[in-house]
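J.: Please take these sequences and the hints and turn them into a complete structure.
Each chain, written out:
Protein chains: 2
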Amino acid sequence: MNNYQIFSLGEFLLQSGCTLRDSMIAYQTFGELSPDRNNVILYPTRFYGTHNDNSFLVGPGKALDPEKYFIVIPNLTGNGFSSSPSNSQEPIDRANFPNVSILDNVLMQRRLLREVFGVERLRLVVGWSMGAQQAYHWGALFPEEVERIAAIAGSAKTSPHNQVFLEGMKAALTADSAWKNGLYIEPPVVGLRAMGRCWAGWALSQAFYRQHLFRELGFASLEEFLTDFWEKLFLKRDANNMLAQIWTWQHSDISDNSLYNGDFVRALQAIKARTIVMPGETDLYFPPEDSIYEVNHLPNAELKTIPSVWGHYAGGSANTKDVDFVDNNLKRLLSLD
Amino acid sequence: MNNYQIFSLGEFLLQSGCTLRDSMIAYQTFGELSPDRNNVILYPTRFYGTHNDNSFLVGPGKALDPEKYFIVIPNLTGNGFSSSPSNSQEPIDRANFPNVSILDNVLMQRRLLREVFGVERLRLVVGWSMGAQQAYHWGALFPEEVERIAAIAGSAKTSPHNQVFLEGMKAALTADSAWKNGLYIEPPVVGLRAMGRCWAGWALSQAFYRQHLFRELGFASLEEFLTDFWEKLFLKRDANNMLAQIWTWQHSDISDNSLYNGDFVRALQAIKARTIVMPGETDLYFPPEDSIYEVNHLPNAELKTIPSVWGHYAGGSANTKDVDFVDNNLKRLLSLD
Chain G
0 MNNYQIFSLG EFLLQSGCTL RDSMIAYQTF GELSPDRNNV ILYPTRFYGT
50 HNDNSFLVGP GKALDPEKYF IVIPNLTGNG FSSSPSNSQE PIDRANFPNV
100 SILDNVLMQR RLLREVFGVE RLRLVVGWSM GAQQAYHWGA LFPEEVERIA
150 AIAGSAKTSP HNQVFLEGMK AALTADSAWK NGLYIEPPVV GLRAMGRCWA
200 GWALSQAFYR QHLFRELGFA SLEEFLTDFW EKLFLKRDAN NMLAQIWTWQ
250 HSDISDNSLY NGDFVRALQA IKARTIVMPG ETDLYFPPED SIYEVNHLPN
300 AELKTIPSVW GHYAGGSANT KDVDFVDNNL KRLLSLD
Chain B
0 MNNYQIFSLG EFLLQSGCTL RDSMIAYQTF GELSPDRNNV ILYPTRFYGT
50 HNDNSFLVGP GKALDPEKYF IVIPNLTGNG FSSSPSNSQE PIDRANFPNV
100 SILDNVLMQR RLLREVFGVE RLRLVVGWSM GAQQAYHWGA LFPEEVERIA
150 AIAGSAKTSP HNQVFLEGMK AALTADSAWK NGLYIEPPVV GLRAMGRCWA
200 GWALSQAFYR QHLFRELGFA SLEEFLTDFW EKLFLKRDAN NMLAQIWTWQ
250 HSDISDNSLY NGDFVRALQA IKARTIVMPG ETDLYFPPED SIYEVNHLPN
300 AELKTIPSVW GHYAGGSANT KDVDFVDNNL KRLLSLD
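Those protein sequence lines, which keep their order, are chains G and B.
Numbered per numbering that gives the first Met the number 0, the first sequence spans residues 0 to 336.
Numbered per numbering that gives the first Met the number 0, the second sequence spans residues 0 to 336.
Misleading hints may appear alongside valid ones.
A pair counts as met if it fits within one copy or between any two copies, since identical chains are not told apart.
[Stated by the list, open to error] Below, in silico cross-link-like pairs of lysine to aspartate or glutamate (DMTMM-like), each with a Cα-Cα straight-line distance of 20 Å or less: (1) K169 with E223; (2) K169 with E222; (3) K169 with E230; (4) K156 with E222; (5) K61 with E119; (6) K169 with E114; (7) K320 with D64; (8) K303 with D323; (9) K179 with D326; (10) K235 with E89.
Please keep in mind that the hints were generated in silico from the structure rather than gathered at the bench.
T.: Structure follows, in structure tokens:
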């Protein structure tokens with residue numbers, strides 16, 4: 000039995016003007032919705048993450064405690080569970096999949112919450128990385144519906160350097176002629192491996208490598224870490240799915256919509272939610288400087304930088320100390336009125 | 000007429016045990032050698048740089064003043080001027096070119112200095128990036144022959160993260176099947192472009208991009224910078240040459256030789272030269288932390304971090320303020336007894 004459910008939205012009109020046929024959001028829930036429907040936490044997924052990758056923050060005694068809260072984990076489109084190049088039919092299969100924005104995802108998630116659960120207000124939206132992008136978008140698009148935001152190692156608008164990093168990743172993947180402009184039958188394994196090796200330098204910090212912390216993850220050498228972790232991780236992924244999500248990532252901007260017309264500061268200022276922003280101290284692609292800028296313009300936010308050498312992974316499940324830091328801040332955030 | 004000369008060394012026995020046939024160092028000189036041969040500055044080149052790329056630090060009134068000093072710029076092997084895959088003949092042409100270490104380069108440069116100029120002692124060895132690697136090697140291998148070192152945005156031993164960064168660059172380049180394991184006739188243009196796009200994120204800092212400083216370099220947009228600067232830069236380069244130099248870079252370690260047998264601290268401690276170490280404050284692949292470690296073990300060194308958002312490029316020719324910072328420190332270093 001699957002540990003997730005499907006919410007089907009049929010034809011969904013995207014921000015781009017295109018239509019996403021047979022659109023669906025795969026989601027998992029934990030806990031019970033309270034009678035007054037005021038105990039809901041939305042916890043969207045990261046780049047290529049699924050609901051299964053999110054569950055480390057959920058459990059009895061943790062901030063995201065299913066004994067107290069109704070926790071909904073919607074999968075981001077393009078991750079292979081929600082609508083994605085890999086699970087869509089012609090004419091929107093594979094490289095023909097339309098561009099889906101974070102705003103589109105938020106609107107689909109909102110319909111899920113309203114139509115399936117009758118939920119119109121969120122106690123908290125929390126996410127890591129692309130999950131944080133979704134949390135920020137929720138706050139800016141529906142300020143009255145979001146009480147709290149926890150944005151972990153993510154941004155409200157993809158920075159220029161982050162764009163460049165992603166351009167490199169796309170170029171490495173698509174340098175493999177087996178990619179065939181996305182119309183591959185056999186996966187472009189050389190490109191997937193290359194992308195994994197390229198990503199390795201960005202996801203973890205210089206200090207992580209200096210201290211050989213890949214050993215804590217069970218890898219004896221740097222080469223073993225690159226081959227057995229990074230290459231294998233990317234070999235499991237579908238190239239078109241990743242390219243779809245990278246499009247979403249590159250176009251993430253809470254002000255890129257008719258509410259704010261590109262006025263990023265105004266979009267930040269519109270977020271009413273009590274917010275904790277948790278960048279990783281050594282994150283190379285969502286560096287703390289961008290978070291500081293955002294906190295300085297958010298009306299009700301505090302910065303809690305994760306003191307960690309785990310780079311972008313500081314906000315993920317990789318090490319207990321950082322998870323505790325995040326969990327403790329989520330507890331505090333949830334306890335605040 | 001060429002602005003450089005060739006020093007031919009014939010068969011050169013490499014650190015690896017292999018032989019480099021018809022070996023040569025292309026070099027350029029500025030100024031006049033003094034009668035007592037004590038005014039010599041050695042200024043080796045960076046990754047894929049040539050003597051032409053070094054000349055911005057040389058000139059009347061600058062620290063490297065040809066009216067005072069005899070300045071020798073040896074090209075690093077693999078750059079297309081000194082012995083390289085692209086200019087060697089069978090059986091060491093192209094992908095068959097042997098692995099050449101920084102130590103090998105230092106030994107070749109030392110023969111050049113002794114056999115052509117009768118020079119046995121250097122006032123200064125100065126270099127940026129891979130040039131700094133050569134400067135450190137000179138100091139560790141021949142402590143009695145080097146009076147001063149200026150190491151700009153480089154390291155004495157390639158760090159684990161730096162290895163990962165380079166693994167990514169190789170993977171992006173060689174993902175192009177046109178590379179043909181180095182036996183291409185037509186250049187692997189897709190891989191070269193991909194490598195350029197990947198390198199773009201590493202060479203300059205997050206802050207550089209945040210502040211849109213590519214505009215100062217004459218590029219109107221991020222995409223124009225990626226395409227017209229980075230892709231074009233790499234399209235001019237020979238893939239095998241780059242791979243040869245990346246091998247050299249990845250194996251750069253002043254202690255990887257029979258003098259120090261891998262004892263990196265002992266190799267640092269052996270450097271007698273008065274040394275100024277100038278990392279770029281925001282350098283992503285030679286971060287200041289590695290320089291601090293080195294300075295802490297060098298007997299006679301000071302740290303002068305370049306206060307710049309230009310990332311690795313802080314030590315290069317890209318902006319006047321950083322060049323002035325470097326030049327002023329070189330002047331001070333040369334004035335010290």
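J.: Run the structure past the numbered hints and jot down the numbers of the failing ones, going up.
T.: Hint check: 5, 6, 9, 10 fail, others pass.
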